[in-house]
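The primary structure of each chain is shown beneath.
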Amino acid sequence: MKTVVYFAIGILFGITMFKSEAASWFRIYEMFQFKAFHMYGIIGSALFCGVIITYLLKKLKVKSVLDGEEIHIADKEKGWKRYLFGGLFFGFGWAISGACPGPMFTVLGAGFLPILVVIAAATLGTFCYGLLQKHLPH
Amino acid sequence: MLEFLMNPWPWYFSGPMIALVMFLLLWTGKTFGMSSNLRTLCAVLGAGKRSSFFAFDWKAQRWNLVVAAGAILGGFLAANFLSNSTAVEISAATIAQLNTLGIADAGQAYMPSALFDLNALSSGKALVLLSLGGFFVGFGARYAGGCTSGHAISGLSNFQLPSLIAVIGFFAGGLIVNHFILPLLLS
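Just so you know, the sequences run in chain order W and D. Note that numbering that gives the first Met the number 0 numbers the first sequence so that position 49 is 48, with each residue one more than the last. Note that numbering that gives the first Met the number 0 numbers the second sequence so that position 154 is 153, with each residue one more than the last.
Warning: the hint list may mix true and false statements.
As the list claims (entries may be wrong) - Below 35 Å or equal to it, Euclidean Cα-Cα: the simulated DSBU-like pairs (lysine-lysine) are: (1) K58/D / K48/D; (2) K58/D / K77/W; (3) K34/W / K58/W; (4) K58/D / K80/W; (5) K34/W / K58/D; (6) K48/D / K77/W.
Bear in mind the hints are in silico, worked out from the structure with no lab data behind them.
Modelling step: build the complete structure from the supplied sequences, incorporating the hints.
In structure tokens, the structure reads:
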């Protein structure tokens, strides 16, 4: 049952990423060139709704629909180094591959098979972070 | 209605739909953070033997691979059954600029064929770009503790300062590479 629910949410997410064109390399390129409002409109309107949703879920102490437990939205750990340095690395990769970790899977489903190279490299990058974690400034 | 869905979705529909996905994941007791998939994938592949960072019970995180599998099917459905055309109508200025960089199909395709056509797999340059880009995305997302979904949408929606720092990093890094490095890599 739960698997079906998460699979359905994933399908909705995949369709949204494709149809919004947020999964398109061209849109990411254009965003970094400030040559269209599209991506900023997507992120801005998602945030506008996201702020209201997050506020209401916390304010009304909404319970999870699947197991009845109160929804807990954890705060991020304090600090700045890992967020800034990690963010920069992410940005480097985002601008080159035009793909975030979510849209990567959508692009694969849409049939652009070379994205498998991106997914494999991203998995390797994640693995390397795990190996280096203790030596990196956080 | 169907016509509306078959065309590329405008930003004012797309953004709220992303927020809806975030809501559905929170409402079912999870979080909206797609890069966690890659960590789970590492754990499934046995990375826990090499680093404690991956030594967790990945079966408890199975839901997150299920979401990714759904995203694959969603991409397939959207591209094949929910689109009149998959050409991305980027601005004329962007098209002109990409043409000078050798990307001839800007404005006519969903992805640049130089990178995402099957033929790209036999091009050394494309392979370098795809692997370099992917590696940095994976490394950076985990280092920063999240990606666009986890920080830019979920974190900022919850007014998290760390997420704001991460998002500033995403854009600073992206702008540097897009403006100064990518033209060199593409030429």
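| task | Take a quick look at whether K48/D and K77/W sit within 35 Å of each other, Cα to Cα. | result | holds, 29 Å
| field | Pairwise hint evaluation, K58/W against K34/W, where the allowed Cα distance is 35 Å at most | value | violated, 38 Å
| If you draw a straight line from the CA of K34/W to the CA of K58/D, is it 35 Å or shorter? | Roughly 43 Å between the alpha carbons, so the hint for K34/W and K58/D is violated.
| Taking 35 Å as the top limit, are the C-alpha atoms of K58/D and K80/W close enough? | Holds. K58/D to K80/W sits at ~31 Å (cutoff 35 Å).
| said: Next pair to validate is K58/D with K48/D; report whether the Cα-Cα distance is within 35 Å. | reply: Cα-Cα ~16 Å, so holds.
| task | Quickly compare the C-alpha distance for K58/D and K77/W to 35 Å and report which way the hint goes. | result | At roughly 28 Å apart (the allowed maximum being 35 Å), K77/W and K58/D satisfy the hint.
The structure shown violates the earlier hints numbered 3, 5.
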